[in-house]
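Participant: One-letter residues, chain by chain:
2 protein chains.
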Amino acid sequence: MPPLPQHPILQKSFAIIDREMGAHDLPLEEYAILRRIIHSTADFEFRHWLRIGPGAIPVAIAALQRGVPIITDVGMVRQGCQSMVRRTFGNRLVAAVDLAETAELGRTRTETGILRAWEQFPGGIFVIGNAPTALQALCDLIQAKPTVSVPTPTPTVPTPTPTSIPAPALIPALIIGAPVGFVGVEAAKATLAATPVAQIRVEGRKGGSPVAAAIVNALLVLAWEGQP
Amino acid sequence: MPPLPQHPILQKSFAIIDREMGAHDLPLEEYAILRRIIHSTADFEFRHWLRIGPGAIPVAIAALQRGVPIITDVGMVRQGCQSMVRRTFGNRLVAAVDLAETAELGRTRTETGILRAWEQFPGGIFVIGNAPTALQALCDLIQAKPTVSVPTPTPTVPTPTPTSIPAPALIPALIIGAPVGFVGVEAAKATLAATPVAQIRVEGRKGGSPVAAAIVNALLVLAWEGQP
Chain A
1 MPPLPQHPIL
11 QKSFAIIDRE
21 MGAHDLPLEE
31 YAILRRIIHS
41 TADFEFRHWL
51 RIGPGAIPVA
61 IAALQRGVPI
71 ITDVGMVRQG
81 CQSMVRRTFG
91 NRLVAAVDLA
101 ETAELGRTRT
111 ETGILRAWEQ
121 FPGGIFVIGN
131 APTALQALCD
141 LIQAKPTVSV
151 PTPTPTVPTP
161 TPTSIPAPAL
171 IPALIIGAPV
181 GFVGVEAAKA
191 TLAATPVAQI
201 RVEGRKGGSP
211 VAAAIVNALL
221 VLAWEGQP
Chain B
1 MPPLPQHPIL
11 QKSFAIIDRE
21 MGAHDLPLEE
31 YAILRRIIHS
41 TADFEFRHWL
51 RIGPGAIPVA
61 IAALQRGVPI
71 ITDVGMVRQG
81 CQSMVRRTFG
91 NRLVAAVDLA
101 ETAELGRTRT
111 ETGILRAWEQ
121 FPGGIFVIGN
131 APTALQALCD
141 LIQAKPTVSV
151 PTPTPTVPTP
161 TPTSIPAPAL
171 IPALIIGAPV
181 GFVGVEAAKA
191 TLAATPVAQI
201 RVEGRKGGSP
211 VAAAIVNALL
221 VLAWEGQP
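Protein sequences appear in the order of chains A and B.
In this text, residue positions in the first sequence follow the working numbering: the first is 1, and each later residue adds one.
In this text, residue positions in the second sequence follow the working numbering: the first is 1, and each later residue adds one.
The set of hints was computed from the structure by calculation and includes no laboratory data.
Please read these numbers as outputs of a predicted model, since none were measured by experiment.
Even glycine gets a Cβ: it sits at the ideal position worked out from N, Cα and C.
Mixed in with the good hints, there may be bad ones.
As the list claims (entries may be wrong) - Between beta-carbon pairs, the in silico distance windows are: (1) A:12 - B:1: 26 to 34 Å; (2) B:3 - A:12: 39 to 47 Å; (3) B:2 - A:107: 23 to 31 Å.
Start from the sequences, fold in the hints, and give me the full structure.
Facilitator: Structure, rendered in structure tokens:
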């Protein structure tokens, strides 16, 4: 596909970031993600914190092209992806917190919502830009189940097996882990790192809704422009 | 009023920030704003960039208590304030970009929206967390008019005058200037600094929706808890 049109201000911003980044050895697609994060934060420090799991980009691209739903933890992240989703694949876009009117006892509201989203949108892309509790709950669910290996980007015909292997569909296609803050944030990111799920993380305390949305938007552009 | 209930995670986060900030000489109310920005970004660098104009906090508190509308540039900022607005004064909350289906020729869509909001919501609180073009357009409008001095927080009975002084209502109660990015951002902030409007700015390239929303939310808490 031809490149998506870019506003001149965005082009100019990207050119400034390219210049100030200087030499680096990031693959083109990884740099596209980092550049969009820096664009949305004006913070070059993210170059030290971004972690892209092996195979995560092709898995994400294939999933977005298939039109899987995108589940964000909070409304701000959903809002930040909305316009690019509309311009590309029109994926269903859900803020998990909206699935929970109130918090379950001992949980945050976002965490409650993400547990419901896990049941309702298996195989979706889960995007955490705010609530470490939601990321932790998601990872705990994944670790509680015997997991299958990360799905390959090329769709395969499922082979029915007689043994009770858990449905791979219950594993998210991808988790974007970029909550921000001081309590439980680094621990939740460490838990994500230990899961076999395809993932893009921002290590450390930093992250946030614009960072999470920037990662989704960069992936949408890659997926759109990478179509035959 | 008694303090608004705080989630234990928020309390814990604030305690960590207090500890890591160490000694400082910020007045209590200014620190409440800074702390909420740091909470939403995990970035202590904002202590060097936050600028609170003289009288801005009491002006903001009085305006919020009066229930003036809050106009944000984009949906993400609105989303970030929504819950605290509901818990406090229920101010009308409008994202300027939603007032413009399309951009006017030579303007961005957000800029187009903010120009309409300027007409529709005079005397409101304008919050820019994303688009420097919107902040620039707003400041240009203010500079184009002979302005009155910053309104005092205590409501006064307007004295009719025979001369044609422009309606003070057309001056926003407060501008929060925290756009982020590389093109036109620092220039727009400098223009804001040169206006006589009550203001809270984040200097430099940094800013963003969570920063702008954090400032609004901190002001809402101060205004709520400061009620007799």
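Participant: Hints first: check each against the structure and report whether it holds.
Facilitator: So, going through the hints one by one against the coordinates:
1. For the hinted restraint 26 to 34 Å between residue 12 of chain A and residue 1 of chain B, the CB-CB distance of approximately 47 Å leaves it violated.
2. Under the hint 39 to 47 Å, the C-beta atoms of residue 3 of chain B and residue 12 of chain A, about 45 Å apart, fit the expected range.
3. About 26 Å separates the C-beta atoms of residue 2 of chain B and residue 107 of chain A, a value consistent with the hinted range of 23 to 31 Å.
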